[in-house]
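There are 2 protein chains.
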Amino acid sequence: MNIALDVMGGDYAPHEIIAGAVLGARSYGVTVTLVGKPDVIQAELAKHNTRGLDLRIEPASQVIEMDEKPAKAVRSKKDSSMVVACKLVKSGQAQAFVTAGNTGGALAAGLFHIGRMKGIQRPALITPFPTRRGFCLLLDVGANADVRPEQLQQFAVMGSAYSRRVLGVRNPVVRILSNGEEAGKGNNLVLEATALLERTPGINFQGNVEGKQIVDGRTDVVVTDGFTGNVLIKTAEGVGKLIKQILVEEITATPISSLGGLLARSAIRRLSKRLDDSEYGGAVLLGLANLVVVAHGSSNANAIRHAIRVAKQGVENRLIDEIQAGIQEATQRPAEHPSIVTPPA
Amino acid sequence: MNIALDVMGGDYAPHEIIAGAVLGARSYGVTVTLVGKPDVIQAELAKHNTRGLDLRIEPASQVIEMDEKPAKAVRSKKDSSMVVACKLVKSGQAQAFVTAGNTGGALAAGLFHIGRMKGIQRPALITPFPTRRGFCLLLDVGANADVRPEQLQQFAVMGSAYSRRVLGVRNPVVRILSNGEEAGKGNNLVLEATALLERTPGINFQGNVEGKQIVDGRTDVVVTDGFTGNVLIKTAEGVGKLIKQILVEEITATPISSLGGLLARSAIRRLSKRLDDSEYGGAVLLGLANLVVVAHGSSNANAIRHAIRVAKQGVENRLIDEIQAGIQEATQRPAEHPSIVTPPA
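Here the protein sequences come in this chain order: A and B.
The first sequence begins at 1 in our numbering and counts up one residue at a time.
The second sequence begins at 1 in our numbering and counts up one residue at a time.
So here's chain A without its partners, still in its complex pose (with noise of 0.2 Å):
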């Protein structure tokens, strides 16, 4: 299996995303086809033992940047890491690609040089979130600012087939972000996308679920548009931050409670790890015909690894038949009802 790195995006670029290569290489016996400039690549590698891995070089000459507008970007920069790491993938020459890019320069230049799996109308970038469980998934978190109802129920079954089949779920628990856990609850998106989940086969869709409840573990798959995702996700993120800072400040504030800051500290040290998502491989795009991985900005090398395994999982997986499968499913057979059969007078 060969998986199209592109060295150049990430707050850490190039040295952690090429040590993540190695690492990634190592751990998991994959190919990994390193997307850049040649002789930044070459520079880098030199810093590791890559003894039996095997490590591609793939020229790019352009990088898009982080504050690019996505879809401009793509088209003016046809030798940037990402569009050639897309053709690879395109020309089946690799079977994955993974970013730590700009996440919109990701989608676009998947939607241009992969394309969209046949019969999704958006793809839907797929993160997970932490839950008193360990973590749940939550998609869309930002491709779609604005969605319909049948797109919401394509996430969910994209969802749900990333749930089996990468993190071995067995009937994951779908549920829709609302207002409200009542039934009833939400605005008409989520009303109408309720209709149409209700009916999906293949899918186990348990209703609403609230942002306090999702923290308890008990929901699998939480479906949304990429607006109010984007902003779910980035309001943790920032209360995470707050709670952090606010917590520093009053242990520091006096010298005993600063003394019970020290002998706390790695209890401190543990809740971090276990609201890092790092060891998740980060964002996933689904819809598109093949795997793209979209690493967080801040990826380490060890970010960069659990990258690629998630993308080797998906392949060995075969998720992208999975949730063909399910879509074909869910649009071709809709609301099977008993047939009501007047027995013969």
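Misleading hints may appear alongside valid ones.
[What the hints assert, rightly or not] If we take Cβ atoms under 7 Å as the criterion, some of the chain B residues that face chain A in the derived model are:
1) LEU232
2) GLU237
3) LEU242
4) GLY261
5) LEU271
[To be verified] In silico lysine-lysine, DSS-like type, Cα no more than 25 Å apart, as pairs:
6) B:LYS69 with A:LYS212
7) B:LYS241 with A:LYS241
8) B:LYS244 with A:LYS244
9) A:LYS185 with B:LYS69
10) B:LYS185 with A:LYS72
11) A:LYS273 with B:LYS244
12) A:LYS241 with B:LYS212
13) A:LYS241 with B:LYS273
14) A:LYS241 with B:LYS244
15) B:LYS241 with A:LYS212
16) A:LYS69 with B:LYS185
17) B:LYS90 with B:LYS72
18) B:LYS212 with A:LYS69
19) B:LYS273 with A:LYS212
20) A:LYS244 with B:LYS241
21) A:LYS273 with B:LYS212
22) B:LYS244 with A:LYS212
23) B:LYS241 with A:LYS185
24) B:LYS241 with A:LYS273
25) A:LYS244 with B:LYS212
26) B:LYS273 with A:LYS244
[What the hints assert, rightly or not] Over 12 Å on every C-beta distance to chain A, these chain B residues come out as not near it, computed from the model:
27) ALA19
28) SER27
29) LEU53
30) GLN62
31) MET117
32) GLN328
Quick caveat, the hints were computed from the structure, so don't treat them as lab data.
All of these numbers come straight from a predicted model, not from anything done at the bench.
C-beta: ideal position from N, C-alpha, C; glycine also.
Start from chain A and add chain B according to the hints.
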């Protein structure tokens, strides 16, 4: 000034509500009319020293429960404490209505029995949200699941007036919640509302804000639809609870960190206090012809006292007039462009 207080609504009704009425009447020198079952009210009042306080009783035999359908409950329970309290306000006998009951019920009772402010399309629920520097204001957090751009514009005017008149902020910074801070980021609703907000006189509109930036405290008023706002506050609540649970689990996992937790206990208590919004008096329904304060369902006496303070400040500082003037200004003086005068030939 007379404040109509629903003593039957809230998780700790009637005892904490009535204790809060006593505290509020003493702290702020206002008349409080206790609306509910007279025998219950008299029995509770007997537990307090009420000498010198102007506490009145207004009989109401019914209660709108937390799980009732709001509009239906308000229509059928004509002698409920919420409906009776709103009628006191409508008739001018009371100047504001305070409840810790069902938010939907308060909205329905307010709409039916107090009525909308002139020119207001939809009332909105405004609530404090914790930041690095204290609290900002967020609206709508649940009165309207689906809104139009002009309604978001009205929310901005109302929130700005509230920030000035009740919190004393001189020139409150207003931003719209979006999935990115850059101009041009947003769903269709946000983009259309932004175009309106940019040419709304009387508000200090500064563009987009992301969920993770709200907590930095550089925005005074965050405007959003009631669906997204509700998801946001509930997500924050869930994340806060999750972090607390995991922190306790990890601190109590070893004897050394347990000791650390013990020594840092006061710091953790101060953290909770800084995130606690009960001293902010709960949420307020803006856009009705009079002031309606909706305290937390879990309000204790102190939270009710602060809700009474908010009602008093709102009435004293003529919040309703300020909002009314702002709405008139925003709708009657749209987009003044410099006139292009063709010089005489």
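Here is how each hint holds up against the structure:
1. LEU232: At about 5 Å, which falls below the 7 Å cut-off, the nearest Cβ of chain A leaves the hint on B:LEU232 intact, so it holds.
2. GLU237: holds, 5 Å
3. LEU242: holds, 4 Å
4. GLY261: holds, 5 Å
5. LEU271: holds, 5 Å
6. B:LYS69 with A:LYS212: Holds - the C-alpha atoms of A:LYS212 and B:LYS69 are around 22 Å apart, at most 25 Å.
7. B:LYS241 with A:LYS241: holds, 14 Å
8. B:LYS244 with A:LYS244: holds, 11 Å
9. A:LYS185 with B:LYS69: Within the cut-off at roughly 11 Å; holds.
10. B:LYS185 with A:LYS72: holds, 15 Å
11. A:LYS273 with B:LYS244: holds, 14 Å
12. A:LYS241 with B:LYS212: holds, 8 Å
13. A:LYS241 with B:LYS273: Within the cut-off at roughly 17 Å; holds.
14. A:LYS241 with B:LYS244: With Cα atoms ~13 Å apart, A:LYS241 and B:LYS244 stay inside 25 Å; holds.
15. B:LYS241 with A:LYS212: Holds: B:LYS241 and A:LYS212 sit about 8 Å apart, inside 25 Å.
16. A:LYS69 with B:LYS185: Cα-Cα ~11 Å, so holds.
17. B:LYS90 with B:LYS72: Roughly 20 Å between the alpha carbons, so the hint for B:LYS90 and B:LYS72 holds.
18. B:LYS212 with A:LYS69: holds, 22 Å
19. B:LYS273 with A:LYS212: The hint holds at about 20 Å.
20. A:LYS244 with B:LYS241: Roughly 13 Å separates the two Cα atoms, so the pair holds.
21. A:LYS273 with B:LYS212: holds, 20 Å
22. B:LYS244 with A:LYS212: Holds, at about 13 Å.
23. B:LYS241 with A:LYS185: Within the cut-off at roughly 23 Å; holds.
24. B:LYS241 with A:LYS273: holds, 17 Å
25. A:LYS244 with B:LYS212: holds, 13 Å
26. B:LYS273 with A:LYS244: holds, 14 Å
27. ALA19: Holds: least Cβ distance 28 Å, greater than 12 Å.
28. SER27: holds, 28 Å
29. LEU53: holds, 37 Å
30. GLN62: At about 22 Å from chain A, B:GLN62 clears the 12 Å cut-off, so the statement holds.
31. MET117: It holds; B:MET117 is separated from chain A by about 24 Å at its closest Cβ, greater than 12 Å.
32. GLN328: Nearest chain A Cβ is 29 Å from B:GLN328, so the label holds.
When held up to the earlier numbered hints, the structure conflicts with none and fits them all.
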